[in-house]
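Novice: So in the numbering used here the end of the sequence shown lands on 1311, straight run, no missing numbers.
Keep in mind that the hints are not guaranteed to be accurate.
Said to hold, decoys possible - Think about it this way: if two alpha-carbon atoms lie no more than 30 Å apart in a straight line, the pair counts; the simulated DSSO-like pairs of lysine-lysine are: (1) K1104 - K1084; (2) K1309 - K1084; (3) K1159 - K1183; (4) K1240 - K1134; (5) K1275 - K1077; (6) K1077 - K1311; (7) K1189 - K1159; (8) K1189 - K1240; (9) K1108 - K1149; (10) K1309 - K1183; (11) K1084 - K1108; (12) K1108 - K1134.
Simulated from the structure, these hints should not be mistaken for laboratory data.
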Amino acid sequence: MTKLSVNINKIATLRNARGGNVPDLLQVAKDIQKFGAQGITIHPRPDERHIRYQDARDLKSIVYTEYNIEGNPDKKFIDLVLEVKPTQVTLVPDAIDAITSNAGWNTIKHKDFLKEIVQEFQRNNIRTSIFVDPVLEMIQGAAAIGTERIELYTEAFAHEYGLGNKNGIQPYIASANLANELGLGINAGHDLSLDNIQFFKQNIPNLLEVSIGHALISEAIYLGLENVVNMYLQKLK
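With the hints as constraints, model all of the structure from the sequences given.
Specialist: What follows is the structure, encoded as structure tokens:
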């Protein structure tokens, strides 16, 4: 079964827009797990414009499913992850001014940098995942680094699927097949939605986890959070 990890960044964005604590991020995390999601994802950024570093600490005692912290591994981020010790850390090459993630790692160019960081997290019993584009050389590079998992960056798939081009899945199938051969676990995320998640799941062998935030929270405005979480779980069966 593919696990659903819900990214709650957008809940923090809404809270921060008004100040105070509405909506209550911790309560939402509790509810999402109660509704059946198998994980909570956060992606703190240096300016703390949505998830705050204190949120990451506060969530530690709340998340009893899988706790995934994503981010660019600068010193502040590394220190946070080593303090919190989530289930998984996902390394993402975000520029400081990035609105959202927009590319995977060049795992060949940054091999030594990533390998050192991955080993540090693994020494602390934190599972590592590297955010990559569906490019075979980048999958091979991730395996050479020693990470346990990769997260396939799915924006290109989602874009093509939205245009009616189902062949956009092909690079992801090839990447997944190679990852399976190399012993890498496969996660996926970015622009996955109720419209495309079932097709993606059905075509990616051994997909372990999807991380979904923006689409899920947006869909929940119309359909309700509990309902949407369960709709994803049905499509991921």
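Novice: Now look at each hint and say whether the structure bears it out.
Specialist: Checked hints:
1. Distance check on the hinted pair: K1104 and K1084 sit about 16 Å apart at the alpha-carbon level, within 30 Å; holds.
2. The suggested pairing of K1309 with K1084 holds, with an alpha-carbon distance near 22 Å, which does not exceed 30 Å.
3. The hinted pair formed by K1159 and K1183 meets the criterion: a straight-line CA distance of about 27 Å does not exceed 30 Å.
4. Restraint check: the Cα-Cα separation between K1240 and K1134 comes to about 39 Å, which exceeds 30 Å; the hinted pair is violated.
5. Restraint check for K1275 and K1077: the C-alpha separation of about 11 Å stays at or below 30 Å, so the hint holds.
6. Simply put, K1077 and K1311 have alpha-carbon atoms about 9 Å apart, close enough for the 30 Å limit, and the pair holds.
7. Of the pairs offered as hints, the one joining K1189 and K1159 holds, with about 18 Å between alpha carbons and a cut-off of 30 Å not exceeded.
8. Among the hinted pairs, K1189 with K1240 is inconsistent with the structure: their alpha-carbon atoms are about 35 Å apart, more than 30 Å.
9. The hinted pair formed by K1108 and K1149 fails the criterion: a straight-line CA distance of about 34 Å is larger than 30 Å.
10. Restraint check: the Cα-Cα separation between K1309 and K1183 comes to about 37 Å, which exceeds 30 Å; the hinted pair is violated.
11. Between K1084 and K1108, the direct Cα distance comes to roughly 19 Å. Compliance with the 30 Å bound is thereby established for this hinted pair.
12. A threshold of 30 Å between alpha carbons decides the hint, and for K1108 with K1134 the separation of about 16 Å falls inside it, so the pair holds.
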